[in-house]
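The hints should help you fit chain B onto chain A, whose structure is shown.
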Amino acid sequence: MITLPKPKPDVLARRDAVHEGLRAIMQDRGVITDPARLKPYETDGLSAYRQMPLAVVLPETTEQVAAVLRFCHQNGVRVVPRGAGTSLAGGALPLEDAVVIGMMRMNRIVEVNYRDRYAVVQAGVTNLGITKAVEADGFFYAPDPSSQLACMIGGNIGMNSGGAHCLKYGVTANNVLGIKLVTIEGEILELGGTHLDTAGYDWLGIVIGSEGQLGIATEITVRILRAPEGTRAMLAAFDGNEVAGACVDAIISSGIIPVALEFMDRPAIHACEAFAHAGYPLDAEAMLIIEVEGSVAEQDWLLGQIKEICARFNPISLKVSQSAEESAAIWKGRKGAFGAVGRISPDYLCMDGTIPTSTLPLVLRRIGEMSAQYGLQVANIFHAGDGNLHPLIMFDANDPTSMHKAEAFGADVLRLCVEVGGCLTGEHGVGVEKRDLMSVQFTEIELEAQRRVKSAFDPEWLLNTAKVFPLQAGTASAGPDALPHAA
Amino acid sequence: MQTNFTLDQLADPNIAVADKILRSCVHCGFCTATCPTFVTVGDEDDSPRGRIYLIKDMLETGAPASTPVAFHLDRCLSCLACMTTCPSGVDYMHLIDYARVRVEETYERPAHDRALRAVLAAVLPYPARMRAALRAASLGRSVRGMIGTRGMLGQRLRAMLDLAPGAVAGRSSTERPGVFKAAGTRRARVALLAGCAQQVIDPGIHDATIRLLTRMGVEVVVAKGAGCCGALTHHLGKHDAALAFARANVAAWTREIGAGGLDAVVTDTSGCGTVLKDYGFLLRDTPESADAARIADLAVDISELLMRLAYQPSLTPPPGLVIAYHAACSLQHGQRVTEAPKALLRRAGFTMVEPRDPHLCCGSAGTYNILQPEMAGRLRARKLDTIAPLKPDAIVGGNVGCLTQLSGTAIPTIHTVVMLDWMAGGPRPDRLPSDAAIAATRPAAALAQDPEATWS
Numbered sequence: 016m017i018t019l020p021k022p023k024p025d026v027l028a029r030r031d032a033v034h035e036g037l038r039a040i041m042q043d044r045g046v047i048t049d050p051a052r053l054k055p056y057e058t059d060g061l062s063a064y065r066q067m068p069l070a071v072v073l074p075e076t077t078e079q080v081a082a083v084l085r086f087c088h089q090n091g092v093r094v095v096p097r098g099a100g101t102s103l104a105g106g107a108l109p110l111e112d113a114v115v116i117g118m119m120r121m122n123r124i125v126e127v128n129y130r131d132r133y134a135v136v137q138a139g140v141t142n143l144g145i146t147k148a149v150e151a152d153g154f155f156y157a158p159d160p161s162s163q164l165a166c167m168i169g170g171n172i173g174m175n176s177g178g179a180h181c182l183k184y185g186v187t188a189n190n191v192l193g194i195k196l197v198t199i200e201g202e203i204l205e206l207g208g209t210h211l212d213t214a215g216y217d218w219l220g221i222v223i224g225s226e227g228q229l230g231i232a233t234e235i236t237v238r239i240l241r242a243p244e245g246t247r248a249m250l251a252a253f254d255g256n257e258v259a260g261a262c263v264d265a266i267i268s269s270g271i272i273p274v275a276l277e278f279m280d281r282p283a284i285h286a287c288e289a290f291a292h293a294g295y296p297l298d299a300e301a302m303l304i305i306e307v308e309g310s311v312a313e314q315d316w317l318l319g320q321i322k323e324i325c326a327r328f329n330p331i332s333l334k335v336s337q338s339a340e341e342s343a344a345i346w347k348g349r350k351g352a353f354g355a356v357g358r359i360s361p362d363y364l365c366m367d368g369t370i371p372t373s374t375l376p377l378v379l380r381r382i383g384e385m386s387a388q389y390g391l392q393v394a395n396i397f398h399a400g401d402g403n404l405h406p407l408i409m410f411d412a413n414d415p416t417s418m419h420k421a422e423a424f425g426a427d428v429l430r431l432c433v434e435v436g437g438c439l440t441g442e443h444g445v446g447v448e449k450r451d452l453m454s455v456q457f458t459e460i461e462l463e464a465q466r467r468v469k470s471a472f473d474p475e476w477l478l479n480t481a482k483v484f485p486l487q488a489g490t491a492s493a494g495p496d497a498l499p500h501a502a
Numbered sequence: 127m128q129t130n131f132t133l134d135q136l137a138d139p140n141i142a143v144a145d146k147i148l149r150s151c152v153h154c155g156f157c158t159a160t161c162p163t164f165v166t167v168g169d170e171d172d173s174p175r176g177r178i179y180l181i182k183d184m185l186e187t188g189a190p191a192s193t194p195v196a197f198h199l200d201r202c203l204s205c206l207a208c209m210t211t212c213p214s215g216v217d218y219m220h221l222i223d224y225a226r227v228r229v230e231e232t233y234e235r236p237a238h239d240r241a242l243r244a245v246l247a248a249v250l251p252y253p254a255r256m257r258a259a260l261r262a263a264s265l266g267r268s269v270r271g272m273i274g275t276r277g278m279l280g281q282r283l284r285a286m287l288d289l290a291p292g293a294v295a296g297r298s299s300t301e302r303p304g305v306f307k308a309a310g311t312r313r314a315r316v317a318l319l320a321g322c323a324q325q326v327i328d329p330g331i332h333d334a335t336i337r338l339l340t341r342m343g344v345e346v347v348v349a350k351g352a353g354c355c356g357a358l359t360h361h362l363g364k365h366d367a368a369l370a371f372a373r374a375n376v377a378a379w380t381r382e383i384g385a386g387g388l389d390a391v392v393t394d395t396s397g398c399g400t401v402l403k404d405y406g407f408l409l410r411d412t413p414e415s416a417d418a419a420r421i422a423d424l425a426v427d428i429s430e431l432l433m434r435l436a437y438q439p440s441l442t443p444p445p446g447l448v449i450a451y452h453a454a455c456s457l458q459h460g461q462r463v464t465e466a467p468k469a470l471l472r473r474a475g476f477t478m479v480e481p482r483d484p485h486l487c488c489g490s491a492g493t494y495n496i497l498q499p500e501m502a503g504r505l506r507a508r509k510l511d512t513i514a515p516l517k518p519d520a521i522v523g524g525n526v527g528c529l530t531q532l533s534g535t536a537i538p539t540i541h542t543v544v545m546l547d548w549m550a551g552g553p554r555p556d557r558l559p560s561d562a563a564i565a566a567t568r569p570a571a572a573l574a575q576d577p578e579a580t581w582s
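Here the protein sequences line up with chains A and B, keeping their order. Those letters in the first sequence? Residues 16 to 502, by the numbering used here. Those letters in the second sequence? Residues 127 to 582, by the numbering used here.
Isolated chain A, as found in the complex:
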C-alpha cells in the first residue's frame, strides 16, 4: 500500500476554523465539509488508493481559486487540485489535512478565435468539450486522451496528456499557447499568450506536466486546428503480441506517420468488442488500429504503403473501415478500453511507461513472461506509434495478496521500461502510484534539481504534496523539512 505523509496535527486541530474560513471566502457556496458528502472525493480513477480530505472547495472563478489558495497558504494548509478525477495514477488522491480544489464548475468556453486559431477555455471544460465547441466550424483540439469524454483540460495540463492522435499532432505541451496560473500565494500569473512561442523562459514548458505541484491552472489557451478532409481507420490482426509490435516498429521506422497507431491484445480485443460491437477480430492475439487522414488519394496511398508493411508480418486479416459509422465504432471500443476491462476484472492497475518503438517486441514478450510469473492477467491497450505502453494488470482489490502482487508486477514493468531507454510515464503522470519509482529513473542529484524547481514555486510544499517525488527515507514526510538544501 501507499504511504501518505503524516497529517499536520495543527491543521487537523483547526479543522473547524479552516472550514469557516473557506465558507467565508466562497460565500457559503461550493464548500463541502460533511463526511458523507466528502466520501466520493476520497479517490480518483485509481480507486485502490483512498484518503478522506479535510474539505472540498468547488470554485467558480479564478479570483475564488486565488482567494482559497491565499487562505490555505496563510494557514499552512495543503491543497490537492482535482479536475474530473479520472487520474489513473492517483494524481487527485487527497490528504487527510488537505483541501481539495475541484475545478468542475469552471466549465465555460471563454473565447474562440478562428482567425488566429485558438480557444480560451476554463480548466473544467472537458477535453472533448473543446472539440465539440468548434467542430461545427470544421476545427478540433488535437490531443485526445482516451478519457477525453470526461477528463478536463486542467488535468490535461497537469499530466501533459497524450492520446491516440498525438502521434501526428503532439501532446498537450505542443498544443497549449497560454495558461492563467494561480500560485500558492494566490497570485494570478499569465503565462504564454495566444500565439506559438513566448518571450523569455519557457514557463509553459515548466508548468505543463507539473502535476499540480507549481500552481493551479484556471484558464487555458489552446491551439485549435482545421479538421482533416477525411480519415480512414484500418484494423490489422496478428497471431502474436511480438509480431504486432515488430510491425509497429517497421511502420514507424519506414518514416510513415499515421495519425494514430494503436495496439490491443486478445483480452482487450474481447472486452472492447463486447462494449463497442466494432467488428474487432476475435480470433487474433493482437490487433493494430491504424488511422490515416487527408484527401482520398492521400489516404489510399498511405493505406497501400501500410498494408504492404503489414503483409510482411503474416497478418491474420487486414480490414479497412468502409464507413464513418464503422470508424466511430472502432474508436468507441478503443476509447472505452480501460472501462471495458471492468467487464473481465473488478480492478486493474494501468501502467504508463514509454519506450523506444524498436524495443516493443522485447518489452511485450517480457510483460507476457511477468504475467505468467506473477499469475496475474494483463490486457495491453496502448499508443503503439508513440511507444506509450498501457499494460492493465488485472487483480482483485478484495484480495490483498493479489493487490500487492499487482503493485510489484507494475513496478517490474516500469523498471523494464527505464532499462530499455524509456521512462515511467507517458501521459498519466507520476502521481502517487509511481512516486517511489522516480529513483529508478533519476539519480538523487537529478531529483534534487527538480525539487528545487518545486520549492521555487511552492516553498512550503503545500501543493499536491506527497505526489511525484519519493517520500524522504524513513520520515514518511514530504517537503522542505526533509530537504537539507531547500530554499
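Since the hints were derived computationally from the structure, they do not count as laboratory data. A few of these clues could be false.
Partial pick of chain B residues on the chain A-facing surface, computed with a CB cut under 8 Å [what the hints assert, rightly or not]: (1) T129; (2) T132; (3) C154; (4) G168; (5) D169; (6) D171; (7) L180; (8) D183; (9) M209; (10) C212; (11) P213; (12) S214; (13) G215; (14) V305; (15) K307.
Don't be surprised by glycine CBs; every beta carbon is placed ideally from N, CA and C.
Relative to the frame of chain A, chain B by itself:
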C-alpha cells in the same frame, strides 16, 4: 472496485446483487460527462460515480441513509445516460433502484416530503383519483400566486400546478378493459398497457395507438386487472406497492395469453416500457418469476412494434412542416431504442431535426419535476434552449412525461404515435399550427438554407 461486505451482509440477496454491480465499476469517471445533474452542478456527489460511491458506503456500513445521501440520491433522475456511456457495463439502474428502497426504509424524511410522496403514490397510479386531482389543480391555479416560492414545499406545489393540463379530459376509452378488433385480417394480437396518468393527461395518445394498430390489422386488448406498471412507486422507493402493480399486470396478461394469445405487450409510454421490460428482474424472487420473465420478453415500445409490422404512411406531411425529435431517456437509455422512432418518422415523410446533446434528460423523469422542481427547471430550460434555434413546428417524442415537461412554450409537444397515425389516415393533431401558418413561417426555399438547423 473494491467492496467491504461481510459474509453475513452478502447472504442478503439484495446486497449480493449490489456487490456484483459495485465490483463491475472501475471508477473511470466516464459517466460523469453525460450525467445531467453533474454537468449542471459540477459536484462529484451529483454524478453517477459519486452516487455509486455514496450507495457503496451506505450499504457497507449498513447505517440508515443520512440526509446528504438521501439528498444526492433523490437528485438522480434515473435517466440512465450513465449506463449508455459506461464501458464496463455497470448496472446502475438496479443499484439505484435498490438504494431508493433502502432510503425509503431507513431515512426519516421531513413530514412535508413524506406526505407529498405518499400523495403522489396514492394518486398518480389511479386514473380516477388523478382526474379528480387535476380538476382540483385547475381550481388551485387561481391561488398559485399566493404560494411562496422560497421553500421546497412552495416550489413543489407550484411545479405541480404548472404541470397540470389546462383542461381535464373525460374518461378515456382505455380506462375499462376491452378488445379493439383488428380491421380486416388479424395479423397479431397485443395487450396495450393502458397504465395510469397518461390516459388522464393526454388520452389522445392511446386513441392514436389503437387506431393505428387496428388499422394495420392488430387486435388490441386492454386486459382486465392490468393497471399502472409500477414505475411511479418504484422510483419513489416504495417497493411493495411497485411489486403489487407488477404482479397484477403479470397475472392479467398471463391470463390473456391463455385466453387468446399475445404477440406482444405494447406500451406507448416509454417510462413504463423500461419497467415492463424489467419485470423479470423485479419479480425474480416471487412464485410468478417465470410468468414475469415471459411478459418482460413480450414487452415492446410502440415504435419497435411498428417497425416489426412494417408501418407505411398513406399521406404526406404538409410542405414546410419541421418537427424536432426529442429522445426520451427511458427510450434511448432505458430501453436502448434509438433508431426506430426516428426511422418511422422519416418513413412517414417528416422533415426532422434533432437538438444537440440529445442524450441529456429534459428533467421530467417521472415525478422528478414535482419533487426536484429547481433541477428539473434548469434541465427543461437547457433542453428548450437547444430546441428553439431549430425553429420546429412541434416537438415529437415517445414519452408523455417529457411532452408535459417541454410544453408551455409556443412549440407544441406531440407523441410520435399521434404523428404516425396522422400520416396513416388518422386525424391531424389538433395542437399543430395550421398548414397556412406553417407555410407562412417557413417558405419552402428557406428550408435548405437555415444555417442553424442540423437536418437529419
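Against the structure, the hints come out as follows:
Residue-level restraint check for T129(B) holds (minimum Cβ-Cβ distance to chain A is 6 Å; threshold 8 Å). Taken as an interface hint, T132(B) does not check out: its beta carbon lies about 12 Å from the nearest beta carbon of chain A, beyond 8 Å. Of the supplied interface hints, the one on C154(B) holds, with its beta-carbon coming within about 4 Å of a beta-carbon of chain A, less than 8 Å. Look at G168(B): its Cβ gets to within about 4 Å of chain A, closer than 8 Å, so that hint holds up.
Nearest Cβ of chain A to the Cβ of D169(B): about 6 Å, under the 8 Å cut. The hint holds. Hint status for D171(B) relative to chain A: holds, with the closest Cβ pair at about 5 Å, below 8 Å. Taking 8 Å as the C-beta cut-off, the interface hint given for L180(B) holds, the closest approach to chain A being about 6 Å. Given hint, D183(B) at the interface with chain A, holds; its Cβ is 5 Å from that chain's nearest Cβ, closer than 8 Å.
Hint on M209(B) is violated. Least Cβ distance to chain A is approximately 12 Å, over the 8 Å limit. Nearest Cβ of chain A to the Cβ of C212(B): about 7 Å, under the 8 Å cut. The hint holds. Taking 8 Å as the C-beta contact cut-off toward chain A, the hint placing P213(B) at the interface holds, the least distance being around 3 Å. For S214(B), the interface hint holds, since its Cβ comes within 8 Å of a Cβ in chain A; the closest pair sits about 3 Å apart.
Residue-level restraint check for G215(B) holds (minimum Cβ-Cβ distance to chain A is 6 Å; threshold 8 Å). Violation of the interface hint for V305(B) is found here, the shortest Cβ-Cβ separation to chain A being roughly 40 Å, above the 8 Å cut-off. Nearest Cβ of chain A to the Cβ of K307(B): about 41 Å, over the 8 Å cut. The hint is violated.
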